[in-house]
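Protein chains: 2
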Amino acid sequence: MTLEEVRKEIDRVDTQIKPLFLQRMACADHVAAAKAENGSDVFVPVREDEIIAKRTADVDAKVKKEYDMFLRHLMSVCRRYQYGILTGMQETVIAQALQAAGLDENTDHEQITVYFTDSRKNSKLNLYMNMVRLNDILIDAMEVTSRDDEQQVVLKLHGNIKEPDMRRLLCQLGKEANEFKITALQ
Amino acid sequence: MTLEEVRKEIDRVDTQIKPLFLQRMACADHVAAAKAENGSDVFVPVREDEIIAKRTADVDAKVKKEYDMFLRHLMSVCRRYQYGILTGMQETVIAQALQAAGLDENTDHEQITVYFTDSRKNSKLNLYMNMVRLNDILIDAMEVTSRDDEQQVVLKLHGNIKEPDMRRLLCQLGKEANEFKITALQ
Chain A
2 MTLEEVRKEI DRVDTQIKPL FLQRMACADH VAAAKAENGS DVFVPVREDE IIAKRTADVD
62 AKVKKEYDMF LRHLMSVCRR YQYGILTGMQ ETVIAQALQA AGLDENTDHE QITVYFTDSR
122 KNSKLNLYMN MVRLNDILID AMEVTSRDDE QQVVLKLHGN IKEPDMRRLL CQLGKEANEF
182 KITALQ
Chain B
2 MTLEEVRKEI DRVDTQIKPL FLQRMACADH VAAAKAENGS DVFVPVREDE IIAKRTADVD
62 AKVKKEYDMF LRHLMSVCRR YQYGILTGMQ ETVIAQALQA AGLDENTDHE QITVYFTDSR
122 KNSKLNLYMN MVRLNDILID AMEVTSRDDE QQVVLKLHGN IKEPDMRRLL CQLGKEANEF
182 KITALQ
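Taken in order, these protein sequences are the chains called A and B.
Residues 2 to 187 (the working numbering) make up the first sequence, in order.
Residues 2 to 187 (the working numbering) make up the second sequence, in order.
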């Protein structure tokens with residue numbers, strides 16, 4: 002195959018994937034609507050792991066990790082979509098985190114510091130960085146340290162806690178990251 | 002739509018995406034073979050931006066960012082595949098970085114420190130974290146600082162520079178990240 006032929010093939014494949022990706026996103030709308038009604042949670046890691054194990058079972062070892070990550074990425078993006086719609090959930094997550102830290106959202110600030118932990122071996126730092134990016138939030142600073150199989154993350158996000166995209170991001174981190182805390186508004 | 006109905010719909014869509022994703026990965030094999038022959042570069046950002054602009058042009062604003070990120074993710078994963086095959090390119094990138102830093106790959110070490118810069122607004126930190134994850138490299142520590150529209154990243158990777166997955170990762174970072182440097186083997 003010449004480079005020109007492969008490029009045509011890639012173009013053909015991407016053209017077929019596109020409508021399916023858009024359908025997948027539309028599903029997130031319906032999931033959010035259904036979950037808003039019955040109050041069930043957006044992120045159920047055990048269920049996700051089961052689905053991924055089933056889907057990847059027959060995939061060639063050479064591209065299995067790629068397909069696994071592809072699915073996790075797709076699911077994370079769909080959840081972000083849901084968190085954006087479920088504003089009641091945002092309120093709860095953020096109010097709880099602020100209360101636990103003794104912080105007031107009306108404090109004048111342009112930077113929010115959050116803390117969470119992550120597995121080192123099964124790190125989801127890539128997904129967390131996707132979320133930050135999709136919500137168009139700039140990073141002022143980040144520090145990751147490791148101990149045994151855990152990594153501790155301190156992330157300084159640029160912006161105000163009342164901005165919709167910031168609330169959506171904090172809601173997703175709050176629901177999905179381990180030991181999530183808001184530690185400062187400054 | 003009930004949650005059960007949406008889940009069936011998601012399952013249907015994912016079943017259709019799966020063979021296409023695997024075909025897309027197979028294309029990366031052919032691209033790598035063609036590029037090994039004619040020596041052209043794996044990462045041509047201008048070309049990628051053009052393709053993405055064209056593909057996303059008619060997509061609803063509501064999911065445009067998601068589709069944009071989806072494509073960049075897909076492309077990054079395919080390039081990782083290519084860097085794994087193009088071992089001659091790995092040799093060149095790593096030898097140059099070591100020489101520039103006055104480092105010797107035979108030094109006893111279990112941690113590699115790298116430095117690079119990134120755009121803050123168009124950050125690719127999510128893609129870099131994907132690469133680290135796909136290559137199964139553990140992060141010992143990471144520090145991100147920001148100044149204007151630039152972020153500086155210091156990343157301490159756990160492992161030895163002679164390991165194949167580490168070489169593949171360093172090659173991709175070396176080819177794709179701005180101002181990439183290996184600063185320490187320890």
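Hints in this document: simulated from the structure, not taken from any laboratory.
Computed from a prediction, not measured in an experiment: that's the story for all the values here.
A portion of the hints provided could be inaccurate.
Identical chains blur together in the list; that is why a pair holds if it fits in one copy or across any two.
No more than 25 Å apart at the CA atoms, straight line, and that leaves these computed lysine to aspartate or glutamate pairs for DMTMM-like [stated by the list, open to error]: (1) Lys9 / Glu164; (2) Lys63 / Glu151; (3) Lys63 / Asp12; (4) Lys122 / Asp12; (5) Lys36 / Asp15; (6) Lys125 / Glu151; (7) Lys9 / Glu151; (8) Lys163 / Glu111; (9) Lys55 / Asp12; (10) Lys176 / Glu5; (11) Lys125 / Asp69; (12) Lys9 / Asp50; (13) Lys176 / Asp59; (14) Lys63 / Asp149; (15) Lys157 / Glu10; (16) Lys55 / Glu38; (17) Lys66 / Asp137; (18) Lys63 / Glu106; (19) Lys66 / Glu51; (20) Lys66 / Asp150; (21) Lys163 / Asp50; (22) Lys65 / Glu111; (23) Lys182 / Glu144; (24) Lys55 / Asp149.
Given a CA cutoff of 25 Å, do lysine 55 and aspartate 12 count as a within-copy pair, a between-copy pair, both, or neither?
Result: close only across copies, 11 Å inter versus 29 Å intra.
Give the relationship of lysine 122 and aspartate 12 under a CA distance limit of 25 Å: within one copy only, between copies only, both, or neither.
Neither way: lysine 122 and aspartate 12 sit 35 Å apart in one copy and 28 Å across, limit 25 Å.
State whether the alpha carbon distance between lysine 36 and aspartate 15 is at most 25 Å within one copy, between copies, both, or neither.
Intra 31 Å, inter 20 Å, cutoff 25 Å: inter-copy only.
Is it within a copy, between copies, both, or neither that the alpha carbon of lysine 9 lies no farther than 25 Å from that of glutamate 151?
neither (44 Å within a copy, 36 Å between copies)
Please work out whether the CA atoms of lysine 66 and glutamate 51 approach to 25 Å or closer within one copy, between two copies, in both situations, or in neither?
Within one copy only: 15 Å inside a chain, 28 Å across chains, cut-off 25 Å.
At most 25 Å between alpha carbons: which applies to lysine 163 and aspartate 50, within, between, both or neither?
Answer is neither; intra-copy 33 Å and inter-copy 33 Å both fail.
Classify it for me, lysine 63 with aspartate 149: is the Cα-Cα distance of at most 25 Å met within a copy, between copies, both or neither?
neither (28 Å within a copy, 41 Å between copies)
Is the C-alpha distance from lysine 63 to glutamate 106 at most 25 Å within one copy, between copies, in both cases, or in neither?
neither (48 Å within a copy, 28 Å between copies)
With 25 Å as the alpha-carbon cut-off, assign the pair lysine 63 and aspartate 12 to within, between, both or neither.
both (23 Å within a copy, 24 Å between copies)
At most 25 Å between alpha carbons: which applies to lysine 163 and glutamate 111, within, between, both or neither?
Within one copy only: 10 Å inside, 44 Å across.
Pop the pair lysine 66 and aspartate 150 into one bin, within, between, both or neither, using alpha-carbon distances up to 25 Å.
This pair counts as within: shortest intra-copy Cα distance 20 Å, inter-copy 33 Å.
Should lysine 55 paired with aspartate 149 be assigned to within, between, both, or neither, using CA atoms and 25 Å as the limit?
Neither. Shortest intra-copy (30 Å) and inter-copy (45 Å) distances fail the 25 Å Cα cut-off.
Going down the numbered hints, you'll see the structure goes against 1, 2, 4, 7, 13, 14, 15, 16, 18, 21, 22, 24, while the others check out.
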